[in-house]
Amino acid sequence: MRIFTKRYHPPGTLPGSLSVADDISEDEFTIRLIDYTADSYVENDSASAADCRASLSRDTRTWVDIQGTVSAGTLTQLGEMFGLHSLAMEDVVSTGQRPKMEMHSDHLFIIMSLPELTDDEIGVSQASLFLGKDFLITFNDARSDPFKPLRQRLHRAIGRTRSRNVDYLLYAALDIIIDQCFPVLEGVGERIEALEGEALAHPRPDTLQEIHSIKRELLLLRRMLWPQREVINALVRDEDNWIAQETKIYLRDCYDHTVQIMDLIETCREMVAGILDIYLSNISYRMNDIMRVLTIIATIFIPLTFLVGVYGMNFSHPQSPWAMPELHWYFGYPLLWLFMIVLVGVMLWIFRRRKWL
Amino acid sequence: MRIFTKRYHPPGTLPGSLSVADDISEDEFTIRLIDYTADSYVENDSASAADCRASLSRDTRTWVDIQGTVSAGTLTQLGEMFGLHSLAMEDVVSTGQRPKMEMHSDHLFIIMSLPELTDDEIGVSQASLFLGKDFLITFNDARSDPFKPLRQRLHRAIGRTRSRNVDYLLYAALDIIIDQCFPVLEGVGERIEALEGEALAHPRPDTLQEIHSIKRELLLLRRMLWPQREVINALVRDEDNWIAQETKIYLRDCYDHTVQIMDLIETCREMVAGILDIYLSNISYRMNDIMRVLTIIATIFIPLTFLVGVYGMNFSHPQSPWAMPELHWYFGYPLLWLFMIVLVGVMLWIFRRRKWL
Amino acid sequence: MRIFTKRYHPPGTLPGSLSVADDISEDEFTIRLIDYTADSYVENDSASAADCRASLSRDTRTWVDIQGTVSAGTLTQLGEMFGLHSLAMEDVVSTGQRPKMEMHSDHLFIIMSLPELTDDEIGVSQASLFLGKDFLITFNDARSDPFKPLRQRLHRAIGRTRSRNVDYLLYAALDIIIDQCFPVLEGVGERIEALEGEALAHPRPDTLQEIHSIKRELLLLRRMLWPQREVINALVRDEDNWIAQETKIYLRDCYDHTVQIMDLIETCREMVAGILDIYLSNISYRMNDIMRVLTIIATIFIPLTFLVGVYGMNFSHPQSPWAMPELHWYFGYPLLWLFMIVLVGVMLWIFRRRKWL
Amino acid sequence: MRIFTKRYHPPGTLPGSLSVADDISEDEFTIRLIDYTADSYVENDSASAADCRASLSRDTRTWVDIQGTVSAGTLTQLGEMFGLHSLAMEDVVSTGQRPKMEMHSDHLFIIMSLPELTDDEIGVSQASLFLGKDFLITFNDARSDPFKPLRQRLHRAIGRTRSRNVDYLLYAALDIIIDQCFPVLEGVGERIEALEGEALAHPRPDTLQEIHSIKRELLLLRRMLWPQREVINALVRDEDNWIAQETKIYLRDCYDHTVQIMDLIETCREMVAGILDIYLSNISYRMNDIMRVLTIIATIFIPLTFLVGVYGMNFSHPQSPWAMPELHWYFGYPLLWLFMIVLVGVMLWIFRRRKWL
Amino acid sequence: MRIFTKRYHPPGTLPGSLSVADDISEDEFTIRLIDYTADSYVENDSASAADCRASLSRDTRTWVDIQGTVSAGTLTQLGEMFGLHSLAMEDVVSTGQRPKMEMHSDHLFIIMSLPELTDDEIGVSQASLFLGKDFLITFNDARSDPFKPLRQRLHRAIGRTRSRNVDYLLYAALDIIIDQCFPVLEGVGERIEALEGEALAHPRPDTLQEIHSIKRELLLLRRMLWPQREVINALVRDEDNWIAQETKIYLRDCYDHTVQIMDLIETCREMVAGILDIYLSNISYRMNDIMRVLTIIATIFIPLTFLVGVYGMNFSHPQSPWAMPELHWYFGYPLLWLFMIVLVGVMLWIFRRRKWL
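Protein chains in written order, with this note's numbering: chain A, 21 to 377; chain B, 21 to 377; chain C, 21 to 377; chain D, 21 to 377; chain E, 21 to 377.
There's no promise every hint is true.
[Stated by the list, open to error] List time: in silico DMTMM-like cross-link candidates among lysine to aspartate or glutamate, alpha-carbon distance up to 25 Å:
#  : chain 1 : residue 1 : chain 2 : residue 2
1  : C       : Lys375    : E       : Asp276
2  : D       : Lys375    : A       : Glu206
3  : D       : Lys26     : E       : Asp276
4  : D       : Lys268    : A       : Glu230
5  : C       : Lys268    : E       : Glu259
6  : C       : Lys26     : B       : Glu122
7  : A       : Lys268    : B       : Asp140
8  : A       : Lys153    : D       : Glu250
9  : A       : Lys26     : D       : Asp47
10 : E       : Lys26     : C       : Glu63
Hint data in this document are derived by calculation from the structure and do not stem from the laboratory.
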């Protein structure tokens with residue numbers, strides 16, 4: 021994940037311009053058009069903008085599910101058809117937006133962050149949702165297809181999704197987006213627990229890199245997910261009846277999930293900070309340990325080397341009884357060894373008593 | 021305690037599904053059915069869901085106390101009987117929820133965290149409570165039976181529990197759940213005070229591990245207990261008359277306890293952070309101490325070794341008076357020893373004066 | 021001061037039980053019963069619960085000042101007489117409570133923390149106050165008698181205490197309790213300033229212990245004193261006329277004091293954190309200093325020792341002019357000394373130029 | 021960027037004095053006078069204060085765009101003409117102000133911070149805007165001309181800028197000012213990511229300096245940009261109809277940008293703090309690594325040097341079989357080498373097994 | 021600056037007692053009595069309390085400006101004359117108060133902190149202000165005379181001070197008090213920037229002391245200045261018409277200044293914290309650098325010393341070809357030198373390749 025993910029126009033560009041997405045070919049996105057009532061379900065998996073127009077006149081609930089990077093042309097057509105605000109459409113293509121909820125006169129506009137775990141790497145893509153009186157338009161550029169289970173539930177008429185209005189469909193979509201965080205965070209939690217053991221038992225330089233990498237991911241995840249809480253809260257407290265009262269009970273459940281997600285992220289962050297402390301003090305403890313033992317070895321040999329240096333001297337006044345008489349003693353050499361062994365023993369005993377060994 | 025404790029459905033699962041608890045056998049939980057009025061008390065210690073239905077028609081206050089992991093079947097039956105909301109029932113089996121309070125049209129739903137101390141290890145299980153007009157349903161999967169003293173008080177008609185409505189019973193249950201924290205935190209406080217002495221007097225590598233382990237427990241405890249304050253506060257401020265005015269005075273007491281618990285946890289956390297500082301600086305002080313003494317020993321012997329090296333040289337121009345005449349002096353050898361002893365004395369004196377020793 | 025100071029019942033105990041204080045003898049507390057009006061003052065320094073009952077019927081303002089650990093029996097009698105709530109009475113004996121204010125239908129109940137400085141050690145005891153229409157009951161288990169100056173002011177009719185109602189007496193008592201913090205914090209401030217000098221000029225291992233000990237005291241003091249601000253604020257904003265308007269002006273002054281106390285504690289805490297930084301970097305600077313000088317001494321002698329080692333070798337091919345000819349030069353030995361002295365000089369010069377010395 | 025950037029008068033100066041800018045010559049600023057309606061556009065690129073007066077009487081929307089450090093004289097003339105408050109004018113010349121919005125009776129006054137990236141260095145200049153019923157006056161002392169794209173849009177009648185009132189012009193100007201932050205922060209983000217790699221792979225002392233420099237820039241940027249959020253928010257919530265309802269939808273978009281900018285700055289700050297940790301522990305890890313290897317080399321040679329010292333001793337009692345008989349063995353010398361090689365092998369084996377190598 | 025600056029009475033003293041200032045002689049303070057209307061100005065530079073009484077009866081605006089430590093007697097007289105509250109008067113003499121604003125029935129009472137820079141040392145004194153219907157009383161014990169410029173403006177009738185009521189005079193006094201912070205903080209900013217360079221380029225132990233000293237000053241300044249923001253804000257929002265509407269516009273400017281001051285202090289604090297990090301890592305980097313070079317020198321010589329030790333051994337079996345034959349080679353000695361030089365070269369090459377040098 022990059023730090024700076026926002027796509028932006030050069031300052032001074034006309035507000036509402038879609039220029040960034042100008043060169044997108046029609047292959048880079050799929051439009052899935054779903055018309056449903058309590059009793060019917062029609063899905064067109066490769067619809068065009070024109071198909072959507074036809075759907076508008078029909079007396080059904082419409083869900084336009086667009087996956088991939090939408091082209092400016094198609095977006096403009098959809099915008100005209102459904103009466104979407106130009107600033108909102110700009111936000112759809114300028115991905116990397118902060119999650120937010122905007123109430124326009126004839127539609128709600130919601131931006132959410134959609135975390136994904138692909139090949140053990142966490143990615144965050146943007147989901148943009150427009151809720152009208154009888155339509156829901158969802159944009160997302162995730163790698164996988166997050167709304168597949170929802171389409172299946174609609175198709176098979178499981179639960180209440182089909183019998184309720186599009187606000188319940190919006191809830192179901194938001195629920196999926198938010199619940200995507202749990203497997204991601206479960207993975208992070210497991211990596212943290214593995215790191216914890218590693219930092220305590222055998223810290224390696226790689227540990228540091230992994231700590232930093234988890235820290236970074238949590239920091240960026242938090243930035244992307246934190247505002248979602250406010251978005252869901254605003255929907256729960258919405259007084260303009262975009263969301264039916266019964267649906268709000270379900271959204272309250274979503275809200276609890278966003279709170280739990282932030283709790284988890286904060287816990288993980290504090291845990292990682294604690295592991296960094298453990299790692300650092302463990303690394304330094306081990307290093308000190310090595311240095312201590314090595315220094316003790318050196319310290320033991322230094323006086324011995326001095327002693328053997330003494331008896332390597334060439335003092336040799338022929339008449340002097342003071343000229344290194346030890347060298348001429350019968351047991352001089354073994355006595356010196358004895359003395360050195362005793363000396364080593366005493367040093368080891370002192371070191372051990374002082375708990376240095 | 022694990023970091024990620026929440027049981028969750030795969031994203032996109034139908035809201036309200038109880039699938040997780042599907043394979044629970046009927047042995048893993050006990051239903052205790054208690055019917056009481058101010059004058060009577062009937063307890064059935066191994067009731068079935070059907071028994072509960074019978075109790076509903078009777079004109080008594082009913083307490084269904086379920087311990088262990090309830091099966092999806094039983095839960096569904098209870099849900100139908102007492103009119104419990106499907107999202108709430110999902111939360112009962114998806115343990116690891118954040119404490120919360122939800123007002124449904126005909127019952128209150130409360131989730132609490134129940135800390136336990138088993139074999140010196142802190143565990144947190146979930147307690148779920150449903151309060152209706154004349155029934156209380158409590159679920160918990162603690163190892164011990166937390167509500168035993170409450171059943172005894174009911175049985176023996178001690179205090180006001182029996183004469184009051186079920187809201188007072190709810191208070192009594194919440195009071196027990198919250199007060200469970202005090203022995204747990206008292207234990208943590210004692211461990212911290214022991215750690216404190218250890219970190220100051222004789223820090224060991226184990227100390228670090230224990231510091232980390234307490235830190236982790238406090239972090240997770242805080243996450244599980246923090247929202248309880250808000251739950252009790254919401255009950256105290258409840259305006260829908262689920263809780264009688266006199267009971268609110270008692271709940272206010274509970275609220276004070278939750279505040280005190282958070283105070284204690286925060287204090288413990290700051291204390292542990294302080295102990296980590298103490299530990300680290302103490303460890304490094306001791307290490308530095310060892311290194312200093314060892315280095316001083318080495319420093320004292322290094323010049324001596326140089327000196328005895330000097331007199332081990334073989335300069336030997338036969339006519340030169342400059343060719344190491346010291347070697348041929350009558351008192352050369354003892355003079356060298358004298359010089360070396362004086363040198364050591366001077367070094368020790370300097371080191372001591374500079375407070376290096 | 022202990023971390024966990026709260027006395028608590030085992031979870032599940034009947035709310036309002038006074039069991040903890042059951043075995044208190046009548047000698048461990050003193051009841052001072054004061055009846056006063058603007059014109060009269062009667063003090064009974066060793067009153068019994070029965071004397072208080074007599075006082076109730078009289079048309080005077082009554083102050084029952086109880087010092088020490090009160091027995092359950094006496095407390096129950098007082099509770100009945102003055103109509104005190106059982107939960108409040110439980111809090112009086114379960115000391116270690118968080119400061120709080122509770123409004124009951126016919127009395128106010130206030131818990132405060134009373135810091136004391138005895139033998140240079142900071143202790144915190146609990147003061148519990150009940151304010152009725154014409155009575156004030158104060159409990160405290162401080163070692164000294166904090167309300168003595170107030171009784172003297174009442175006795176000598178100094179100031180307005182006697183002419184005003186018991187709410188002013190309550191203010192006067194709270195004022196004393198709060199002002200007890202100033203000498204305690206002044207002492208802490210002085211210890212911090214002493215520590216500051218010590219950490220900068222000659223840090224010792226004891227310094228660390230003292231830093232930790234002040235940090236701990238401030239942490240626990242903050243926990244005990246922080247809620248007092250809210251208590252006084254609640255009294256100032258009280259709308260039930262327990263406190264007269266003129267008395268509120270005085271309580272506002274108390275409130276300012278609690279704010280100042282929290283300011284002081286926060287400043288002290290940040291100061292101590294700063295001193296720990298200073299201490300640690302100073303300790304490590306000094307240690308590095310020693311190691312640097314010792315290492316430089318060793319570094320200077322190592323090449324010298326190598327050199328004298330060279331001339332201790334026994335190369336001795338009799339015909340070779342390459343076999344250590346230096347040993348046989350006329351000025352070989354003094355030249356070597358000269359070279360070594362120059363070498364030392366050059367090394368010292370380099371070290372000094374690099375600012376290593 | 022300096023820490024203290026505010027220009028201030030000596031305390032006690034008359035409020036509203038413009039003395040600081042007294043010695044500004046007329047060359048240091050340009051006045052661009054733009055009169056426009058939906059159909060017309062007249063731009064005077066080097067207008068004088070007098071030209072502005074003429075413009076006031078005309079029935080057009082007026083934009084006075086002043087770039088550079090304005091002289092006190094010109095400012096006073098403009099102030100009189102447009103009825104600007106003297107305190108606001110003082111703030112225009114006392115640059116280094118905190119962003120703020122002030123509502124005066126007949127005009128709005130807004131101060132914004134305008135970040136710029138010139139030669140890879142971040143600079144922040146002040147933009148001051150006055151909004152009247154039909155005029156907008158903008159002051160800025162940026163190096164480049166930030167409002168050029170806006171003038172071009174006005175000139176070419178692109179978008180709605182020309183057909184709407186001056187409040188939309190104000191929005192367009194604020195939008196440019198705020199969007200200036202994105203390229204600046206994108207640059208910072210890239211520098212942080214480069215630093216991150218450097219700190220992990222090959223930390224150098226320069227890395228530290230760069231970390232500090234980014235930290236400093238972010239700190240000062242945050243101080244300058246943080247209050248802008250409140251300014252835009254105040255405009256969005258303005259109830260005095262300075263801003264038309266449709267323009268507020270656009271300002272809400274600006275508000276989202278200010279929130280995103282603060283998010284980005286906070287993320288960058290935490291990232292930099294993390295990189296400092298990485299850098300420090302990486303530096304110390306590498307240093308420890310060097311010391312460990314060097315110490316191990318020394319430790320291996322120290323016993324060897326002792327051994328060869330032993331056999332350099334001159335014990336020579338002629339009759340004693342104890343007088344260093346090894347020296348006289350046939351294979352003494354190669355045996356010693358063998359022993360030393362084995363010793364080195366054993367030591368290496370031990371060190372490797374303990375993971376010290 | 022001391023940590024604990026508050027003067028306090030012993031707990032239990034009668035509220036409103038002025039005992040602390042009892043022994044102040046009349047020389048330690050000056051009363052300047054100023055009577056002014058839009059047209060007249062009379063200043064008495066050494067007025068007595070009695071002069072003030074005379075002034076009360078006159079139909080002018082009165083400003084009593086008292087500098088120094090006022091005596092209890094004079095204060096009591098003034099209090100009676102102007103009807104000041106006894107608690108407020110106590111706060112005037114018990115200096116070291118937290119800035120606050122109190123509304124009494126017939127006067128406002130304001131305490132402010134007045135920072136001063138004397139001899140490069142920051143001091144904070146207390147300013148107390150009473151605002152009545154037509155009088156302003158100011159107390160300060162600063163070393164310099166902060167209100168001199170204001171008296172001059174009044175005297176020379178510059179600006180609106182004389183034509184407006186005393187609330188504008190209060191504003192002018194508060195403005196001076198607040199603006200005193202700017203030169204103080206500019207000085208701190210410059211010291212921080214100097215420190216920054218020092219910590220990066222040549223850190224010394226003094227740097228640490230200076231860092232600590234700035235940190236301490238900022239901590240205490242923040243404590244003294246933080247509440248001023250709330251004071252000015254309370255005045256701006258005052259609904260009792262103590263402050264005229266036009267004056268509030270000016271006070272809003274003061275408020276902006278207090279916000280800017282807090283911003284600056286926070287920035288400085290974070291900057292100093294950053295500099296401490298830089299200093300510590302720079303110090304440790306340099307120390308590590310020294311140790312690394314010295315250790316490398318030692319490491320290079322240790323194998324050499326071993327080698328020359330080898331050839332100092334006395335192996336001398338007369339018939340053995342194994343008895344150190346190298347010693348008897350024709351080129352033995354120069355070959356050894358050659359080997360040692362090559363060895364040093366190889367070691368240097370390895371160290372350099374590993375970037376250890």
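Now for the hints, and whether the structure bears them out:
no., hint, verdict
1, C:Lys375 with E:Asp276, "violated (49 Å)"
2, D:Lys375 with A:Glu206, "violated (33 Å)"
3, D:Lys26 with E:Asp276, "holds (12 Å)"
4, D:Lys268 with A:Glu230, "violated (45 Å)"
5, C:Lys268 with E:Glu259, "holds (20 Å)"
6, C:Lys26 with B:Glu122, "violated (31 Å)"
7, A:Lys268 with B:Asp140, "violated (43 Å)"
8, A:Lys153 with D:Glu250, "violated (34 Å)"
9, A:Lys26 with D:Asp47, "violated (40 Å)"
10, E:Lys26 with C:Glu63, "violated (35 Å)"
When each numbered hint is compared with the structure, violations occur for hints 1, 2, 4, 6, 7, 8, 9 and 10.
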